[in-house]
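Protein chains in written order, with the working numbering: chain A, 1 to 308; chain B, 1 to 102.
To be clear, the hints were calculated from the coordinates, so they are not data collected in a lab. There could be a bad hint or two in this list.
Think about it this way: if two alpha-carbon atoms lie no more than 20 angstroms apart in a straight line, the pair counts; the simulated EDC-like pairs of lysine to aspartate or glutamate are [what the hints assert, rightly or not]: (1) A/283 to B/11; (2) B/74 to A/142; (3) B/56 to B/27; (4) A/283 to B/23; (5) A/286 to B/101; (6) A/286 to B/92; (7) B/66 to A/61; (8) A/286 to B/25; (9) B/7 to B/101; (10) B/70 to A/214; (11) B/66 to A/185; (12) A/286 to B/44; (13) B/66 to B/101; (14) A/283 to B/40; (15) B/70 to A/143; (16) B/66 to A/142; (17) A/283 to B/53; (18) A/149 to A/160; (19) A/283 to B/50; (20) A/286 to B/50; (21) B/57 to B/11; (22) B/66 to A/180; (23) B/74 to A/185; (24) B/70 to A/142; (25) B/70 to A/185; (26) A/286 to B/42; (27) B/57 to B/23.
Here's a subset of chain A near chain B, in silico, CB distances under 7 angstroms, partners left out [said to hold, decoys possible]: (28) 137; (29) 139; (30) 164; (31) 186; (32) 187; (33) 189; (34) 283; (35) 285; (36) 286; (37) 288.
Okay, the calculated beta carbon distance ranges per label pair [stated by the list, open to error]: (38) B/50 to A/43: 40 to 50 angstroms; (39) B/21 to A/214: 43 to 53 angstroms; (40) A/218 to B/18: 49 to 59 angstroms.
Bear in mind the structure is a predicted one, so any value in this text is a computation, not a measurement. Cβ atoms here follow ideal geometry from the backbone N, Cα and C, with glycine treated the same way.
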Amino acid sequence: MQETPIIFVFPAFPNELTDPPGKNIPGFGDHFQTLLDMALKSGLTGLPHNFFTGTFLTQDELLTQFISYIYSCAVSETLRSNNFTPVLSAGYSMGIYAALFDAGSITFTDGIELIRCAYHSLAPVSRDPGSGMITVIGLSRDDLGYLIKQKKLRCRIINENAPFSFSLSGRSSDLRILADTARNEGALHVRFLGVCLPYHAAFAETGARKFLEETAGIPFVRPANPVISLIDQSLLTDPESMRAETVRNLFTPLNWHHTMLKIHKLHPGCRFVECGLPTGLPKNAKFVAGDLRFYSFQDFSGNELMLF
Amino acid sequence: MALITDKTRVEVREIVIDFFAEECEVDKQTIHDGTNIIKDIDGDSLMFLELIEIFKKKYNLDIELKVIGKYAVKHPVTTIGQLIDMQMLIIEHENHLLELER
Numbered sequence: 001m002q003e004t005p006i007i008f009v010f011p012a013f014p015n016e017l018t019d020p021p022g023k024n025i026p027g028f029g030d031h032f033q034t035l036l037d038m039a040l041k042s043g044l045t046g047l048p049h050n051f052f053t054g055t056f057l058t059q060d061e062l063l064t065q066f067i068s069y070i071y072s073c074a075v076s077e078t079l080r081s082n083n084f085t086p087v088l089s090a091g092y093s094m095g096i097y098a099a100l101f102d103a104g105s106i107t108f109t110d111g112i113e114l115i116r117c118a119y120h121s122l123a124p125v126s127r128d129p130g131s132g133m134i135t136v137i138g139l140s141r142d143d144l145g146y147l148i149k150q151k152k153l154r155c156r157i158i159n160e161n162a163p164f165s166f167s168l169s170g171r172s173s174d175l176r177i178l179a180d181t182a183r184n185e186g187a188l189h190v191r192f193l194g195v196c197l198p199y200h201a202a203f204a205e206t207g208a209r210k211f212l213e214e215t216a217g218i219p220f221v222r223p224a225n226p227v228i229s230l231i232d233q234s235l236l237t238d239p240e241s242m243r244a245e246t247v248r249n250l251f252t253p254l255n256w257h258h259t260m261l262k263i264h265k266l267h268p269g270c271r272f273v274e275c276g277l278p279t280g281l282p283k284n285a286k287f288v289a290g291d292l293r294f295y296s297f298q299d300f301s302g303n304e305l306m307l308f
Numbered sequence: 001m002a003l004i005t006d007k008t009r010v011e012v013r014e015i016v017i018d019f020f021a022e023e024c025e026v027d028k029q030t031i032h033d034g035t036n037i038i039k040d041i042d043g044d045s046l047m048f049l050e051l052i053e054i055f056k057k058k059y060n061l062d063i064e065l066k067v068i069g070k071y072a073v074k075h076p077v078t079t080i081g082q083l084i085d086m087q088m089l090i091i092e093h094e095n096h097l098l099e100l101e102r
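The shape of chain A in the complex, shown without the other chains (with noise of 0.2 angstroms):
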């Protein structure tokens, strides 16, 4: 049971992911199978069968959100029914519609939908000449804006993970250009990230209009708790501010590092779950000064799901 405030937090899609965590947690698996059977019936193909069993890669970037979206859910709907429940809820990157469901704004599978739908509209940006996302470890923002204008490249800053740790999104030949001068000027580490699409940044704003338009027949309610905004860390709680919210995602750089801060201001000594597949979201915590406890899923235990 919880005794201090406690935050979901929805982390983004994995690269790689080896030997899924949380199989033998509790109810977990129940839940994850009925939503996988949900997911099925509403039409989607190409899951893996041994999800849980050995090491599980995937080359196809949407099966690979869908998948994340499920494993969300479904730790969201086993901490729930354990009674932990969040003062709000965070939806880092694309975990965005995950947190959307765990607030009760939108079904489940809507939330596939929403996926889908954000996935081609956006890939027609992609398609020529190529995008794609890093992360810089190292440098300040100032250090990379430098950069990117000294080179005149066609890339930008999405997010500030932690001081001094930045994800980039743009044409990936640009982003090669980056990285290789990143490095020269004294990035600790610069790691190309799986995706060919150029979340978060305004190259997507054309692909988010579109996705405005096809997605304006799913409804959206009032939430149970807040959702946080990675944008601009306003709490949306009504439903046409979290429609606007998955819009604007696609196109507008987030601040996880500002996020966090605004979070442990608001409820301070609140937990943090990472609620999905781990993406390393605990290690920037270190980051936030303050007393900010952060947990991954498999941090819980016992029949009576116990947070150590």
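With the hints as your guide, set chain B onto chain A.
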């Protein structure tokens, strides 16, 4: 420019090993100079960043991350021993680290 003493060396070694033992959840007795930070104990660059911040505060260092990054391009760090050696140089030379190259 700080003067490195034997006490500093002992202190730096202790901080580095304690840090990785806690972060990587391994017994500190198993960490030695030859331990590969990524392959053996699953360390990563965010941990390196955090460790630098710890040293910056402890020794009140004037050092930019990109200076360390530029140095690391020519002197890659893969083991605990190399990291300790680099940390000693950072404490000793701070933002003048790259002048060692000249």
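Each hint, compared with the structure:
no., hint, result
1, A/283 to B/11, "violated (25 angstroms)"
2, B/74 to A/142, "violated (24 angstroms)"
3, B/56 to B/27, "violated (26 angstroms)"
4, A/283 to B/23, "holds (10 angstroms)"
5, A/286 to B/101, "violated (33 angstroms)"
6, A/286 to B/92, "violated (27 angstroms)"
7, B/66 to A/61, "violated (33 angstroms)"
8, A/286 to B/25, "holds (15 angstroms)"
9, B/7 to B/101, "violated (26 angstroms)"
10, B/70 to A/214, "violated (48 angstroms)"
11, B/66 to A/185, "holds (7 angstroms)"
12, A/286 to B/44, "holds (13 angstroms)"
13, B/66 to B/101, "holds (15 angstroms)"
14, A/283 to B/40, "holds (19 angstroms)"
15, B/70 to A/143, "holds (14 angstroms)"
16, B/66 to A/142, "holds (12 angstroms)"
17, A/283 to B/53, "holds (15 angstroms)"
18, A/149 to A/160, "holds (18 angstroms)"
19, A/283 to B/50, "holds (10 angstroms)"
20, A/286 to B/50, "holds (8 angstroms)"
21, B/57 to B/11, "holds (14 angstroms)"
22, B/66 to A/180, "holds (14 angstroms)"
23, B/74 to A/185, "holds (12 angstroms)"
24, B/70 to A/142, "holds (17 angstroms)"
25, B/70 to A/185, "holds (6 angstroms)"
26, A/286 to B/42, "holds (17 angstroms)"
27, B/57 to B/23, "holds (19 angstroms)"
28, 137, "holds (5 angstroms)"
29, 139, "holds (6 angstroms)"
30, 164, "holds (6 angstroms)"
31, 186, "holds (3 angstroms)"
32, 187, "holds (5 angstroms)"
33, 189, "holds (3 angstroms)"
34, 283, "holds (5 angstroms)"
35, 285, "violated (10 angstroms)"
36, 286, "holds (6 angstroms)"
37, 288, "violated (12 angstroms)"
38, B/50 to A/43: 40 to 50 angstroms, "holds (45 angstroms)"
39, B/21 to A/214: 43 to 53 angstroms, "holds (51 angstroms)"
40, A/218 to B/18: 49 to 59 angstroms, "holds (51 angstroms)"
Of the numbered hints listed earlier, those contradicted by the structure are 1, 2, 3, 5, 6, 7, 9, 10, 35 and 37.
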